[in-house]
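All chains, full assembly: derive it from the sequences and hints.
Chains as they are written, first to last, in UniProt numbering: chain Y, 1 to 644; chain R, 1 to 644; chain V, 1 to 644.
None of these hints come from the bench; they were simulated from the model.
Hints are not guaranteed to be accurate.
Same chains, same names: a pair is fine if it fits in one copy or spans any two.
[To be verified] Calculated cross-link-like contacts (lysine to aspartate or glutamate; reagent style EDC-like; alpha-carbon spacing at most 16 angstroms):
1) K86 - D193
2) K482 - D502
3) K408 - D464
4) K101 - D89
Being a predicted model, the structure only gives us computed values, none of them experimental.
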Amino acid sequence: MKRTLGTCYYPEHWPEEIWEQDAARMVEAGLTWIRIGEFAWSRIEPTPGDLHWDWLDRAIEVLGRAGLKVVLGTPTATPPRWVVDKHPDMLAVDADGNPRKFGSRRHYCFSHAGYLDECRRIVGLVAERYGANPHVAAWQTDNEYGCHDTIISYSDAARLAFRDWLRARYDSVEVLNKAWGNIFWSMEYNSFDQIDLPNLTVTEPNPAHVMAFRRFSSDQVVVFNKVQVDILKQHTSAPIAHNYMGRITDFDHYDVGADLEIASWDSYPLGFLEDRVGASLEEQRDYARQGDPDFQAFHHDLYRAVGAAKGNQPVAQGRWWVMEQQPGPVNWAPYNPSPLPGMVRLWTWEAFAHGAEAVCYFRWRQAPFAQEQLHAGLLRPDSVDAPAIHEARQVRDELIDAPEVQPKQAPVALVFDYASDWMWATQPQGQGLSYFGLVLDTYRALRRAGLTVDILPLRADVFDGYKAIFVPGVMYLSDEIKAALSASKAQVVLGPRTGARDADFVMPHAPLPPAMPGLDVTVSRLETLRPDMPIALQGGGAITGYLEEIEGSAETLLKTEAGAPVAMRQGNLTYMAGWGDGAAMDRLVALIGGAAGLELRQLPKGIRTRDTATERFWFNHTTEAVEVEGEMLPAAGVRRVALT
Amino acid sequence: MKRTLGTCYYPEHWPEEIWEQDAARMVEAGLTWIRIGEFAWSRIEPTPGDLHWDWLDRAIEVLGRAGLKVVLGTPTATPPRWVVDKHPDMLAVDADGNPRKFGSRRHYCFSHAGYLDECRRIVGLVAERYGANPHVAAWQTDNEYGCHDTIISYSDAARLAFRDWLRARYDSVEVLNKAWGNIFWSMEYNSFDQIDLPNLTVTEPNPAHVMAFRRFSSDQVVVFNKVQVDILKQHTSAPIAHNYMGRITDFDHYDVGADLEIASWDSYPLGFLEDRVGASLEEQRDYARQGDPDFQAFHHDLYRAVGAAKGNQPVAQGRWWVMEQQPGPVNWAPYNPSPLPGMVRLWTWEAFAHGAEAVCYFRWRQAPFAQEQLHAGLLRPDSVDAPAIHEARQVRDELIDAPEVQPKQAPVALVFDYASDWMWATQPQGQGLSYFGLVLDTYRALRRAGLTVDILPLRADVFDGYKAIFVPGVMYLSDEIKAALSASKAQVVLGPRTGARDADFVMPHAPLPPAMPGLDVTVSRLETLRPDMPIALQGGGAITGYLEEIEGSAETLLKTEAGAPVAMRQGNLTYMAGWGDGAAMDRLVALIGGAAGLELRQLPKGIRTRDTATERFWFNHTTEAVEVEGEMLPAAGVRRVALT
Amino acid sequence: MKRTLGTCYYPEHWPEEIWEQDAARMVEAGLTWIRIGEFAWSRIEPTPGDLHWDWLDRAIEVLGRAGLKVVLGTPTATPPRWVVDKHPDMLAVDADGNPRKFGSRRHYCFSHAGYLDECRRIVGLVAERYGANPHVAAWQTDNEYGCHDTIISYSDAARLAFRDWLRARYDSVEVLNKAWGNIFWSMEYNSFDQIDLPNLTVTEPNPAHVMAFRRFSSDQVVVFNKVQVDILKQHTSAPIAHNYMGRITDFDHYDVGADLEIASWDSYPLGFLEDRVGASLEEQRDYARQGDPDFQAFHHDLYRAVGAAKGNQPVAQGRWWVMEQQPGPVNWAPYNPSPLPGMVRLWTWEAFAHGAEAVCYFRWRQAPFAQEQLHAGLLRPDSVDAPAIHEARQVRDELIDAPEVQPKQAPVALVFDYASDWMWATQPQGQGLSYFGLVLDTYRALRRAGLTVDILPLRADVFDGYKAIFVPGVMYLSDEIKAALSASKAQVVLGPRTGARDADFVMPHAPLPPAMPGLDVTVSRLETLRPDMPIALQGGGAITGYLEEIEGSAETLLKTEAGAPVAMRQGNLTYMAGWGDGAAMDRLVALIGGAAGLELRQLPKGIRTRDTATERFWFNHTTEAVEVEGEMLPAAGVRRVALT
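Shown next, in the form of structure tokens:
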């Protein structure tokens, strides 16, 4: 599979006269893919049933004729106003009980049957018309599920659907009462019809209630997406993708990915740094024009795994794209600086280094109207080249003699499990603690050690072939997973909170967690810590935020200055009982790396590396040149070395 | 009265097979009391009228037979779902107008007549069945009135009840208009039926309107509680308690206490430190594992006074318990660290030193399900001893030769008045200023000087026998109270804001406050200050936050560097015109202590002391050993010395 | 026109017996004006149609007979409760959809036809009765439009009125769709009746939608005010004013001012410093008792321009007053300190220096009831003189031989445009960026350079006669305005964001902004910056928060250390591409001042100066004496020097 470039285009935004010239300029810039259509419903069907295909026919024809391959989006993220008039209760409802009104995008509740029917209808019509179009080489369902906090809805439709979901999951309401521990505060139900959504309660609702609602909400997305996929499949054999958004964890991307050929995501490094990475103020300042050095890479590795969820590839060979790549300042973060020159190229190559098939810049031309008018494009609004297009052209030239996508299993794996993120969020026990943050911190430490990493779903069949597997913070593991990890030949690192809950969010307690076969470690108590009370470790590093008291016969690898065990190992299994700071995590990685026979090298700040089957990449995320393997790598620099 | 220990237990949470063993282990650990039943309504009455007493009969029998005394709770804090289905408008309504839904606890509005009837019914049934049970040695009404901000409700039921309350308080709406100054912004009413609740107004509502609503809301709790007490009294002669929660000031605890034999409170030192003490970041760090050194003691002294509100004892002899004592990390604060070893014992002894009859640990066994699964107990969820039970056993042993509860009037009194807290909150005039905070700061200074303190209600008949009485921040005093304080033989310290409002929240203005007989001091103007503008005093210390300009012929005790009087004295009356920092408060206490002939000793940081009739206690709230009277008192140490 | 003093009085708050004495004391204190009546509706008309004029007749007679001139307010800011009972849907609705209830003031939606009729009726009755009264020498409409965030309402009435407004502005919904770029996210409407208000959308609504709603909301105020003015004009020839509130920018004050003879504003320097100036913490500390040294002056100059909006005077001669002047601590800011002695006098003279005809102190006597009981007055609540009255008397004496109001055009002008403030707020692109803040920072720099400044509306006919005109941040300029600025003989300073949008909030893009005739500068890209990433300029100063990349053939005046142009000049036009810090702004002012032939002198911190036709004023806003032109000016000092 060739490495390719692309862009996102909105023919409906521009005069038809310039489409052809735009297409020619895209081809000149080395672009292969052009994504269109995902926000165009009101132009396709301005009033109910009045379908206007002509303009879209012509647009696809013009673009395709120029040599571009079209990725066609289903337009369901932006139902026109008349759809809402037809189904006034289709709007999602926020946690305060207010409907989330028409006037922007994603204004629908996943549980609304009427809207789902509208989606069936419009997707069917689009698929029917373009499913066999030779220029349409891939499809995208909807757009950025979950963006703007749109997975969870407290609507009437959601309430009814949730009750049905509960009926299907639990044999009876008595079973549910018991599974949730509803006796606790006389919260027992007499029937499923009494169960409300867990918002606006006097104090926190039963976490089991919340967790069930989180699982339900995720499942609704899977159903919604699959409805579209099933229809598309009737009309096309082109691959279908969805463009996930960074750090949206409110639904299980693996579950959605299981119905899709390609995973893709929308990568906005500078927006993310300001908006959702969770970096320190110092890091935000140091990386203000480069973005976080690990956040994008983490998502690249994650979506490679999501791309493999369909099950026809090994995890390391999942098909994935960057569907939207930031090309300049965006408009939506608290602060929106310009990227350092070279970063658009770096981000592009970084994606390729992690196995991307395609990187598409969002968007072709900066739009001078509506919400995103200060979101940069490859062209300025006056159609003059913007800075990013020059970097795209450089990549175009560099791709000429570069290898194709060359997947290779990494030596180290890191598990990322969506349900664990919901579990931590449901009961964090300490301010600021999140599963995503813990996994990202682990990923950072692996990367600082120069490692190439695969991210894995929590599945028993994916662990083979790794020297080390990190499974931080997974709060619910089935017995099958536990057995697979115990039986693995890899060094396996668990904890904290491993197995701390069952699937319903009840604490297994006989024995206490982690109850891991082959590992005599028990969590007897746990505490959370204010940021000003780190607990120093003997030998360096500290625990911050979260710490368990553990006991058992396993060997102690790390301990507090007071002598309490923090990391314990037995056989191939290591349990890490707290949230380590950078130094502690580096020590843990070094210990495990040593045991696993991994080749580690501690990298300078902001330098990252990754291997493909035949190449070693180096990336400099800093504003200064840094010596890497004897040569200076400039700021925002990329080096690609053939592996021999 | 013997000093005793106890615990809180939920037989409905555990298999019946282990009740007996649990009971035996409680007895072994030295426990006397076992509180049960307060959240069990859905097991007593799973559906309307279908009463299931058998399990509770057996539980009480098993526990009683083992030698434990049962405290039986009325289950009205957690009405089952079917009660809400029957009375959908019984839910309280928040300030934004949203009903506070079923799914946790305390989901009721105190003003709802239908729910009050349900309470009458279920309390009557429980009382009838167990009122004469020999194992039931005490009762608890409901649970933690006001926890989760549940006193104030903006429901329709509250609106109607408020109008009735106003009709009863004011002869006519004209009288109300005049009393509230409604002419101010044409806020005059033509009838009581026009009066709404004071939420969601364009800008702040009339403070008189707010204050009336606060008084009404408090009165509704008193009525609600008395309904239960009156029913219980028909069936039992066992003492009745309520378990108040720390720093809940939204209703008048003295008024509720006037209908009860015993006051009790729920003491969570570490949770409080993070959540509601109002300590500085430095104090939060220093006391993270010990809790604030004064906050619990303050509540102990407060509830001794609340326990005396029934009026059959002097204030210093009020009966009170700790109904729930933190035994390890809790689950509900922003951060939840483990206590320093020894603190559970310290907290227990501290309560006894302040006159507690009983200290009950919450809870017996950590629950592995629902909201509080990370709240520690005396046992781990797997029934293994948790750390706290060892400290309980140590107290058990130490109690053997310790004296019984020995009340003694303290030399110093500090007035705490709930209505003043509402008044400050209604019109704080400066960010972060609260009456509770001012009183706590005063209490801290008294404690730093080594004093044993009684807390008093604002009542004319309680001032006798003290050498000094501190009455900071009381915004409304009746003429009778003023006369009693003026006539007192004690040194009386008033201010700031003394007598600043009448009962309706209007400023008395001819003459200006404080208008205190025997004290020629007038507040001519007042100002509030940002934290970065302390006003230094001559001789040390500073005023922060709040300062009045005072004038008059009284003697100046403290003055600003610019020479403005800050504390003035005439006869036995001293007026303190501002909120002193620690150094200023220490100087004030020293001055008053000198005049009153009090024995003062400035204690090292974190060391506190208290005398009973025959014992002097020392407590070390720090993490280091400290020399106290020639001997080292270890971290978390308790010393009990016989007074000769 | 003589410079005069006045006060605000509420006869309805006080016993009739003291009116006469109050009036006599006012006259003694040198007061000329007395504003009354604006909150008295419930006393004029306690129940529908039951009119009580007698008390007001007598009040006006008593005050007038004493020699005072009455400013009579229309009472429409505080409709009585019965008006709301009659029109329950007249309440404004907040952004969350909650009605903003009765119980304070300003509880009405400007778009409610029924309430507008009530206003017509009551204003007609008041005007009829007092329009010819010889003591009523001026009128005030309503009170502080916009205070408490009351311009924007999301009510049903507003929704319907907004649709009508849109119908009038756009020929058809297709025109609107195109003008707003609604195709962007399929936001196209089929009819005006589908257009909702832009609140509670899933993510940000179309900024064009928001901007139209802002324009509409402003227009509703103009209509509301004009209804009253038209009625008053039928009965009186006395001048009509409105009292605007500081930093309320939600409606266009020039538009309202076009219907009024006099602009007035309510000046609360200490409240503003804590509440809305946007000063740094250091400035808040340094000026805690003096107020910001530029904020009041800015409003003085602004309201002189608003006072000229009626069009019968040059901008520099606009008639304006301070209708409410802070006399001591207020009650509504986060912290409410006392003014430094002398500041009340300083604030009064500062207003006169900027051309005020009258300064009225708010209020005569501190009210001991309702919301503002801690708002100081000229008298204490017990009628004793409060500190401010002594300073008022000093001004009274100083006025005896002072010149009358002597307007003179300033050498420098600064444009302030309300619509630009809405535009920046609609799409700030960076946290904390506001148009008001940018203009105030520019004003500060001009004042630090010792300049006397006129503030101008964005109108083509007001630019003559200035040596320099600063037009920072104006996002929409008509071609006529652009031409007038280009043709001006003044040095004109534009940018940043000049011409960045059209009137509908779409970015002009062919060519890109600013597209200013005579200035070859193009904004090719822009970025916003976190506070920790200032961009240093060669030669000193830095850009903070906001920076554009500019290109073109104009001369570079300022550039970044990396060499990027930041300020460029061509002919008389200078474009400033970023938000300068203090040092950068001082450099810009120095450069422009040099080119314009302005006399500049950099003033010490907190010292400000202003010239009238015959006087030069000096004001010391600091707490220390400062040498000014060879003499010491004491803290809070005022010096008035005759210009020769």
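Hint-by-hint comparison with the structure:
1. K86 - D193: Cα proximity of K86 and D193: across copies only (14 angstroms, versus 27 angstroms in one copy).
2. K482 - D502: within (13 angstroms within a copy, 62 angstroms between copies)
3. K408 - D464: within (13 angstroms within a copy, 73 angstroms between copies)
4. K101 - D89: Classified as within: same-chain Cα gap 10 angstroms, cross-chain 21 angstroms, threshold 16 angstroms.
The structure fails none of the hints (numbered hints given earlier).
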